[in-house]
Structure formats: structure tokens, C-alpha cells
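Based on the hints, put chain B in the right spot on chain A.
If you read the sequences in order, they're chains A and B.
Each residue of the first sequence is one higher than the last, beginning at 214 in my numbering.
Each residue of the second sequence is one higher than the last, beginning at 18 in my numbering.
The set of hints was computed from the structure by calculation and includes no laboratory data.
One or more hints might be untrue.
[As the list claims (entries may be wrong)] Here chain B is said to cover these stretches of chain A; the calculated rule only asks that three of the stretch's residues, wherever they fall, bring their Cβ under 8 Å from a Cβ of chain B:
1) 222-235
2) 545-559
[As the list claims (entries may be wrong)] Facing chain A, from chain B, some residues (calculated, C-beta under 8 Å):
3) A75
4) Q77
5) R101
6) A102
7) R105
8) Y110
9) F112
10) P116
11) Q117
12) N118
13) L120
14) L123
15) F135
Note that CB positions come from ideal geometry on N, CA and C, so glycine has one too.
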Amino acid sequence: MITRWLRRLRLALLPLPGQAAGLVLLVAVLAAAVVSAPLMIASAEQGAWEQQEERLSPATLGTSIYSSTFTADGRRPVDRLPRLDELDTGVARTAEDAGLNRPLLTTQLRRPVLTPLADGGAGEVELASRTGAEEHLEIVAGAASADGVLIPEELAAGTGAGPGDPLPLATEDRGTTTVTVSGVYVTPVEPIEQWWEAQAYLFVPRYVPQSLELVPPPPAVIAPRDVALGAYEQLGEDVFLEWFLPPTPDVQVEEMRATADRVAELQLRLTKPDSPVAQLVDQWNFANLEPRSGLLPVLDIVDRTVELLEPPVRAVGIGGGAAALVLVGAWAGQRVRRREDEMRALVARGVSPARGALDAARESLLPLLAGLAAGGAAGWLLVRALGPSADLPGSVLAGAALALVAAAAATLAVVGAVTAVLFSRIDAVGRGAAASIAGRVPWLAVTAAVTVVTVVPLVLAEPEEGAGIGVLPLLAPLLVTVVAAGLVTALLPRLGALRAVRRLPTAGFLAARRVLAGQGATRLVVVTTALALGLVVYAGALADSTDRTIAAKASVASGSDVVVPLSRLSPGDGPLPGAATLVGSEDTGTLVPSESPADVLVVRPDEITDVVRWNEAFADQPLPELMSALSGYDGARVPVVVAGDLPEGVTDATGGELVLDFRYWSVPVEVVGRASAFPGQRGQDPLFVADWDRFDEALSRVSRQIDLVLAREVWARGDAGEVTRAVVAAGFEQGDDVRTAAEFADRPELDAQTWALSYLRAVALAAGVLGLVGVAMHALAQQRRRTVAALLLTRMGMGRRSADAAGALEIGLLTGLAALVATAVALPASALVLDRLDPVPGLRPDPLFAVPWGSLAAVLAGVLLVTAGGAALVGRTARRSTGGQVMRDAA
Amino acid sequence: MRHDVPAAVCEGLVRIYWSPSGEAHALKGVDAVIPAGRLTAITGPSGSGKSSLLRILAAQDRPTAGRAEVAGQPLTGLSAHRLRALRRRSIGYVFPRPPQNLLAHLTGREHLALAARFRGVPRAEAASQADRLMELLGIAERADHLPGQLSGGEQQRLAFAQAVIGRPALVVADEPTSELDSRTAADLLAAVRELTRTGTTVVMATHDAQAAAAADQVIHLRSGAVAHEEVGGRRLAVIDGDGRIQLPEEALARFTARRVLVDVTDDAVVLREPT
Chain A
214 MITRWLRRLR LALLPLPGQA AGLVLLVAVL AAAVVSAPLM IASAEQGAWE
264 QQEERLSPAT LGTSIYSSTF TADGRRPVDR LPRLDELDTG VARTAEDAGL
314 NRPLLTTQLR RPVLTPLADG GAGEVELASR TGAEEHLEIV AGAASADGVL
364 IPEELAAGTG AGPGDPLPLA TEDRGTTTVT VSGVYVTPVE PIEQWWEAQA
414 YLFVPRYVPQ SLELVPPPPA VIAPRDVALG AYEQLGEDVF LEWFLPPTPD
464 VQVEEMRATA DRVAELQLRL TKPDSPVAQL VDQWNFANLE PRSGLLPVLD
514 IVDRTVELLE PPVRAVGIGG GAAALVLVGA WAGQRVRRRE DEMRALVARG
564 VSPARGALDA ARESLLPLLA GLAAGGAAGW LLVRALGPSA DLPGSVLAGA
614 ALALVAAAAA TLAVVGAVTA VLFSRIDAVG RGAAASIAGR VPWLAVTAAV
664 TVVTVVPLVL AEPEEGAGIG VLPLLAPLLV TVVAAGLVTA LLPRLGALRA
714 VRRLPTAGFL AARRVLAGQG ATRLVVVTTA LALGLVVYAG ALADSTDRTI
764 AAKASVASGS DVVVPLSRLS PGDGPLPGAA TLVGSEDTGT LVPSESPADV
814 LVVRPDEITD VVRWNEAFAD QPLPELMSAL SGYDGARVPV VVAGDLPEGV
864 TDATGGELVL DFRYWSVPVE VVGRASAFPG QRGQDPLFVA DWDRFDEALS
914 RVSRQIDLVL AREVWARGDA GEVTRAVVAA GFEQGDDVRT AAEFADRPEL
964 DAQTWALSYL RAVALAAGVL GLVGVAMHAL AQQRRRTVAA LLLTRMGMGR
1014 RSADAAGALE IGLLTGLAAL VATAVALPAS ALVLDRLDPV PGLRPDPLFA
1064 VPWGSLAAVL AGVLLVTAGG AALVGRTARR STGGQVMRDA A
Chain B
18 MRHDVPAAVC EGLVRIYWSP SGEAHALKGV DAVIPAGRLT AITGPSGSGK
68 SSLLRILAAQ DRPTAGRAEV AGQPLTGLSA HRLRALRRRS IGYVFPRPPQ
118 NLLAHLTGRE HLALAARFRG VPRAEAASQA DRLMELLGIA ERADHLPGQL
168 SGGEQQRLAF AQAVIGRPAL VVADEPTSEL DSRTAADLLA AVRELTRTGT
218 TVVMATHDAQ AAAAADQVIH LRSGAVAHEE VGGRRLAVID GDGRIQLPEE
268 ALARFTARRV LVDVTDDAVV LREPT
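One chain only, chain A, in its complex shape (with noise of 0.2 Å):
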């Protein structure tokens, strides 16, 4: 009785397993490619947080809310100081209230005081507290009570004091007390521990300009939050408080989501007239609390990223989900056309169209469930495995849900229609009206016309800075690659009489043949397989086109690893590290005769060679060789390096030499030599290249004195700490903030511009795969269809070895062609709009082209491979059926 159910509920559900298979794998392309665009959004998401967070120190990230005693008017704080620990347990309490943790505490009082030394003098000390703070120290004598101070070696050393000794405090305002030291510790140095980095003022040396010095700060007594303000209270001098809620580590980005809302209502709770805390802040006059995170900024960067990629891998995911549905239509085509008989005869006793499409969804359900079982966690192993980030969110799921929810009623549906509209087709005598109308109709003239349409505006508009990938740079290759492969198909026939076809042997003439006369399937399958194979190399041309590019613009937008830019007095004459040169600019130039902007980069050519990312398309020649033109120049003028665009016919005109004009003074050059872009250029005027010491010279003529007209920076390869304490070590002064090489592949844009394409390639290589897993199926139909031929063949003498070989050389021929077509279109289509997906428009060079020689290769393989295989399935095939049953299927 369950054998028979069981039968029934096979025939009922899974009739035909062989033909299910093929369903199968369909759905878990569509499940893979509708489930990983969400996955890879959220992916991006959580990528770029993680990116930030590794980037930033918890100091960065954390919240801080200020305050202090002091106030404008100068009176002193007597009043207010017994109030900390209330306003303390207020903060504290509020924070808890806004649903965060308890926050650290740091007190530190306004000035140092003072403490007697051993040597019958006084020492300045700096009185501070922090939350924890025993646990990032290294106690050498003693230990940490609660009631007891922590001091550093020096200061032990230099009173004399030690672990159980008391520590008298003074202020120049004579309040005094004394404290406890419970132990002694070692003075941290830098690299300093990231605990203490907001802190590091209490510890690490700074850097005076007045004397050029490095003056070390008073050695700082860490006391217990309870002992600091008792101290203070004494003291009677005014306190500056800090309470900071770290970020919790390696957390998804929701959470910090959770969190940046939590500080929002913490601002809120902080600064409501009514509040406890508000309250006692307005009466004891402290200064008012500003909490201030950088979880804000850092949240935007990651809004910013998703907003730009979110487009494109929705358009690609759709895109991959809509093709996949085409096929699912094609294979509920083929299972209509391989069941015809059971179709016809179904339609001879009066089946619907509609029960025959109920049948079909029927039958395509477990098939359904298993793909969408296989490529929702194909989706979503791959995003974890090759997505920026593999901590998906578990938000993500619903959204994951949802888009296979949609592909299952999209499948059914398709399957439901192809089958109905089929059905209908067979019930049908002669070609229906809707047929006819859409023979007449010049498909290919059609879609040439919507990709002039199309491709016309994509040539013509300008690159805008930050508009992230649009649909169109992706469409538009795509149709092009329908149009050339449907003229090449068309054209077919045209060659089949060819008299040099005629002469080869006869598996080449037998293969030319079937693929020259191919009709209607087999110009399907070319311009399929072409779509698929482009697709490929033209996702590969970008992504590596891209990538290149953003080498290239990272080398430009940052002169090296690391560049301090320095204050414009800093002497600085000691010596820099290895990898460093002392390079000058000014970007307020103007070219004379042209009246056009120009920035001017002054370098020491022995010294840039080895510090600047230089990139070889750059220029036609390797930077040594530029440089030498600079150095070896020996005529009366700078010799400069142009790296940009000069107006046409400038330095015909002049023979190369020119006037840069600063207003106030100028310089007249020479060209030596040209490239695109240079490190350090930052925008699109032309940069012009100078000689250190020749352009020093042309100043001193001019009685102007180099390091006080040009700014400048010291460039150098390495890690940004070691450099910037380097340059303090040689005398400089620091300028604005320092800037890093990879501050500018933290760009939102780059990112995700990197990851969608990184995306459309993933996705591009599936619907390769699913192209040439095509072509050989296709090659097995039509095997199918000719067994009366191929066993005629046989029979008129034609060799096995002949007929596996024409089976090959058709397959290969048909895959080749498309590959060919492909190749051909996406690699020129790729190029022609790459102008239109500058992720930095606004910095030089223009976008690079990268031929990509891992997908063609991929896309080579492929084709050998499908070609080798599917001509083994075929060969298989042909030889499985006898020729008996042949003639008796044929009769």
C-alpha cells in the first residue's frame, strides 16, 4: 500500500527524474543570484564597517562627553567640586538609562600641582584618574589599592617615594593635600597601548617649536576615582572630566547602529532641561555636557558605501535572476518539446492548457524546492566565502527569504506559462495571429536600434565624482553583444556556400555545415553563449580595468605610503628615514603663454625614485629615466616634468619652454619630459615636475626663498607613526594631518565600485557556465533529433572516429564563434564605457584598461572544456541507441 502511494506521489511529483535534474540546477542559479544581492549588500555593509573599525582606533569610535569646573567668569570651583561624584553617579545613570554601559571616567586637574622632591626642590606632577586605569599599567613596586596613588618610576626616583609613602600635593593657589602611594609604575612609551591612546598627552613628549625640543610632561600620579576627588576637593583647583563608552569590538554593524540611536537618546537625555543630570549641571554651574562620537562619521562612510553599491548588485543580482528565469522558461520549452506525444495526446483527450501548466508547475516543485534549497546556500556560502564581510546579519534572512519566495512563484509561473502557451500552440492548427505578427517583426533591427539608443547618451555624458555605477554601463555592453552575435548568426547561412566548405574533409564539412545552415535554436545558443562569455570578459575587463585604476589613483592621490605635511616655519635639518624625501608644492601657479592653471611639484629626483608608488602607465618611460632628464638638464632654465594635459600646441609653440607664474613671482622651465599623472598631483592641471635645486636656484634670482614659497611634506614609504616621529626626531614641525595611502582606498566609492564588480564577475562566471553547459545540451538535442541521419551515416561507411570528431569541431565551432563574438564586443564595449565608471573623476589618470587575461583564459578553458565533454555525451549518446530502434522510433 505506501510502495503504491509512494509510486504515485513519485509519478505525481517526479515523473521524469533526468529532466528534473536540469530544473534543479536552473533554480539554484536563480536562488544564488536573487539571495546573494541582498547577502552581498548587507555583506558590503558590515564590510565597511569592519574596514572602518579596523582603520580607527576605539578612541575614534567611542563616545566622549566633556565637561569641566572651569568657567568663563574664573571663579574658582570650590562649590562645585564636591559635586563630581553626584554628577559622576548622574552620567553614569543616564548613560545606563539610554541603554549603554557604564562609562570610563577620566579626571585630570586644569594645571599641574606641585610635589616636593628629594633634592629639596618641587616637581610638577600631573594629578589624573581613569576608570581601570591599574589594569593598562605596568606596577613595578607595589600594587593598586583603593585608596592609594599610582606613580611612575621617574618620579618615584625623583622624591623618593615609594610603595606605603605619602605624596604631598600643592597648588600655586596653596591648596594642599597629601595622598598614598600604593605603587609604582613604568612610564608607558610610545607605541602606546590603544587603551591610553586619548590619554597619551599624560605620558608620551611633545614637541615645543619655541625650542625645538621634545619636552617630556610631568610625570603623572594615576589615582582612584575616589582619591582624585577627594584630592580635587582639597586641591581646590579645577577638574576636567571625560566619560567615554568605548565600542564594543567586533560587532556587526547593526549593533553600532543600535548603538550611534542609544547616544543620540544619551544627547538628549543629557541636555533635557528637566533631566536630574541637566539640572545639576545648570545649578552648580559646571560646564555644560557635550557628548561627541565618531561613530557618526564612520556610520555615514558606511550609508555612503551601501547607497553607491546597492544599485548596481541589485541591477546584476535581478539581471542574473532574470536570465536564469529565461532558461527556466527554455528548459519548461524543452520539456514540452521532449514530451510532445505525451502533450499531443494529452491535448487529443481534452487537456487544457491551463491543467497542462498546473501538471507542469506540479511536477517542477521538488525540483523547485531543491534548487532553491542548493543555490540559497550556494548564495549564501559564496558571499560569505568571497563577500567584503563574512559576518552577514541575521536581518539580512528575511530579505534573503523573501527573494526566494519570489523566484519560486517566478519559476512556477514561467514553467506555468511556457507550458499553457505551448499547450495552446499544439491545440492550435496552422500559426495563431500573435505568431505571425511577431515573425513579421526584424527582431535584430529592433535591438540595434535600442542599443544606439542606449549606447549614444552612455558615450556622450560626462563622468560625475561620486555617482557610483549606473545600470546603463551594464546594459549596454549586453545588447551590443545581442546585436553583433545576431548579425554573425545571420550571416551564417551566407557562408555555408562557400566552396572552400565544400572541400573539407568530411567531419570539418559535416560540422560546418550543421553550424552554418543552423536555424532558429542554434542562432539562439550562439547569441546565448556569446551573451554568457561576454558577460564574462566583460566583467572581467572592468573589474581588473578598475582595479588598475585605483592603483593608479592611489599612487596619484598620495605622493607615497605616508606624507606629513609641514608647518611652513619648521627649520627641521636632521635626517629623515630611509625612504623620505623633502618635496615642495604650490598650486597657484598659471601657464604662461596659455593663461592656464598649474601646480608645480618640486622634488629631489636622486631621492623621489625611491620613495613615490609609481605606476608604468604613468607615462612611456620608467620614473629613473625621467628623473634623469631633470637632473641631467643643463640649459638655463628648471627643467620640468609635465604630468597632465598642457593646452594644444602650448609647447610647440614655445619649443617646451614656458613661464609658471605664482603671481608674486615665477619661474621660466623647460620641458623635459611627459607624463599622464604623478604622484601627488591633485587634480586635473597639469602638475609640472621641477628640480629641487634648480628651482631653488630660479627663486634665489628672484631674491624668494624656497622653503618659504612652496609648501612643503615630507614624503616617505613605511608606517605613518614611525615616519611622523621620525620627522619630529628631525626637527620638523608637524603641519596639518598627516594623510596615508590607504586612507584613500577607504573611499566609499572605490569600495563599492571594487566589491559590485567584484560581484558581476562572481555572477558573470555562473551565467558562463550556465552559457556553455547550454551549448553542450543543445549539442545533445540536436544529436537526439538526428539519430535516423547519424545512423545513416554510418551506414553509408562514415567512421566513428568521423563522427565524433564532426560532433567536437560542431561544439567547438559553435562555443569558439560565440567566444569570438564575445571576446570581440565586450573587450571594446568594456573600453568604451570605462570612462563612465571613474571612481574619482576628479583625479588623475583617466581610467586604465586592463585586458583580463584570467577571464579570457576562464573563457578559453571553458570552451575547450564544454567542447572535449560535450562531445563525449554526444558520442555517448549516438552510440547508446541501436539501429533497430532507431529506424522503428523513426518510422
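Chain B in isolation, oriented as in the chain A frame:
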């Protein structure tokens, strides 16, 4: 089934197909009556209109002009939906090649159960009919076999059983013996004769003289019209509603000028070549 009411009637049946290369007149005014409970054979050379007539009788197509009535239901003006309903309820169909009629993954009994379900026969009734039919057609022992395990003749018998279950008004068979050897064909025809004895009406297109000989009535088509009928061993010319008659080939050969003198006497109508 009342034997005095014909299972199908065709009057002045015209079927024209339109194609890009022009019109094709497949049927040019066919008059035929398919008597109930009889085996009728439709014969004729290729292109004579057998398949077109068969499709119309099987309610798979509608005539361009003329009247076709199957199971008392005029086909003209029927919607596709009602045409399908008519097929489902009243018409059984047998394709020429056994694989076209049967599903490789269903046993004989499952085929009949499925066919009965399409026709709306209750399960118990379907099972009883299936047993009877398989017994009658001599395939009872093969009821649980898959088509691949049956001979060609057994497969066609199963196809007939499938077409007959649920007692349709008309069973249409398209050259059912074309793939069978003469012995197997004879066995099949005998089985079909048995079916007609139980009241089933069968009309079949055939090129097979043996099949035609087994029929109660033979309708011979030529160039889209009825050339003649054979009933009880006698060849009858058919006169349509407008008085047109198709002459037998050998008679036609005498009138090379395509003109004839007609003498009507009390006991005969004589056709003579004009002198």
C-alpha cells in the same frame, strides 16, 4: 448508445489552411455519416484529406465551412474550451505509433486510471471498466507492465483501451496498424471488432487494406472529397447535397474531355461519353 443515431455526421465539410505560400484546400465538401457501434475506415492516398477529416471528427479542429456534428454536438461555433470539453467527454483518440499513446513511466492499469480520471469516471467504475476492457482486448495479464515491457500490438491494444474507457461516443484512430506486422494487425483489428460489438464506435484512417477490409464501412477520400464508400462489400458513390457525385477512377478515365451525357431511365442513370 443508440445505434440508430449516427456517432458523427459531416455535411459539405470544407477545411482550408492558410499559410504564407497560399491557401491549401484540404477538404472540399465532404459528406459522411459515421454510424454508431460500427468500425468505419477512412482510406485514401496521402494528401486526400484523411488527417484533416480525422482531426475534425476528433474535435481537434473546426471546419472552415460545412457542418460537422460529433456525438450530437455541432462543432461549428464551439469555443476552444467547449471543444476541449467535448474531446474529454465524448472522444477517444489513438495515435499511429504506440509510444505516442503511452507514457513510458505508467503501467497499463495506471494508463486506464488516468484516462478514466480525465473523463470523470468514478474510481470504482473505472477499475471495473479497466478490468473488463483489458480482458476483452487480451492484455489483462499485462496490466501491471510498463509500455516498454509490452509488444507493439499490446501497446496499441492498451491505447485502444485507454481511448475507450469511460465509453466515449466516438473513438478516432489514426492508422493504428501502420507499425504492426500483419499478424499483430489482424489481432488488433479483431480486438477492435470486439469493442464495436460492445457498442463502441470506431473510426480509423488507414492505408492498410487488411484494416479496411475489417471495417463495417469504408469511406474513400480523393482530393479532399469522398470518392466512394464501401458498405457490405459494395462500392457506393456519394452524392452530396448539391447533387455532385465523384466517379470511380476507372469510370473517370473514360471521360477524358471531362464532359458527360446523362441518360435517366426508369431503372437507371447512364453516363456516356459525348460523341
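Mind checking the CB of B:F135 against every CB in chain A and telling me if the closest is under 8 Å?
holds, 5 Å
Hint B:N118 vs chain A: min CB-CB distance below 8 Å?
holds, 6 Å
Holds or violated: the hint that B:L123 contacts chain A, with Cβ atoms closer than 8 Å.
holds, 7 Å
Interface hint check: B:Y110, Cβ to nearest Cβ on chain A, cutoff 8 Å. Holds or violated?
holds, 4 Å
Would you check whether B:F112 satisfies its interface hint, that is, whether its CB is within less than 8 Å of any CB in chain A?
holds, 7 Å
Status of the B:R101 interface restraint (C-beta, 8 Å, chain A):
Holds: closest Cβ of chain A sits about 4 Å from B:R101, inside 8 Å.
Please verify that hint: B:A75, Cβ, nearest Cβ of chain A, below 8 Å or not.
Check passed: Cβ of B:A75 comes within 6 Å of chain A, closer than 8 Å.
Count the residues of the region 222-235 of chain A with a beta-carbon closer than 8 Å to any beta-carbon of chain B: does the count reach three?
holds (count 3)
Hint status (Cβ of B:A102 to nearest Cβ of chain A, threshold 8 Å):
Holds, because the Cβ-Cβ distance from B:A102 to chain A comes to roughly 6 Å (cut-off 8 Å).
Under 8 Å is the threshold here; is the Cβ of B:R105 close enough to any Cβ of chain A for the hint to stand?
Holds: closest Cβ of chain A sits about 3 Å from B:R105, inside 8 Å.
Chain A contact restraint for B:Q117 - C-beta distance below 8 Å
Nearest chain A Cβ about 4 Å off; hint holds.
Does B:L120 pass the interface check with chain A, least Cβ-Cβ distance below 8 Å?
holds, 6 Å
No hint from the list above goes unmet by this structure.
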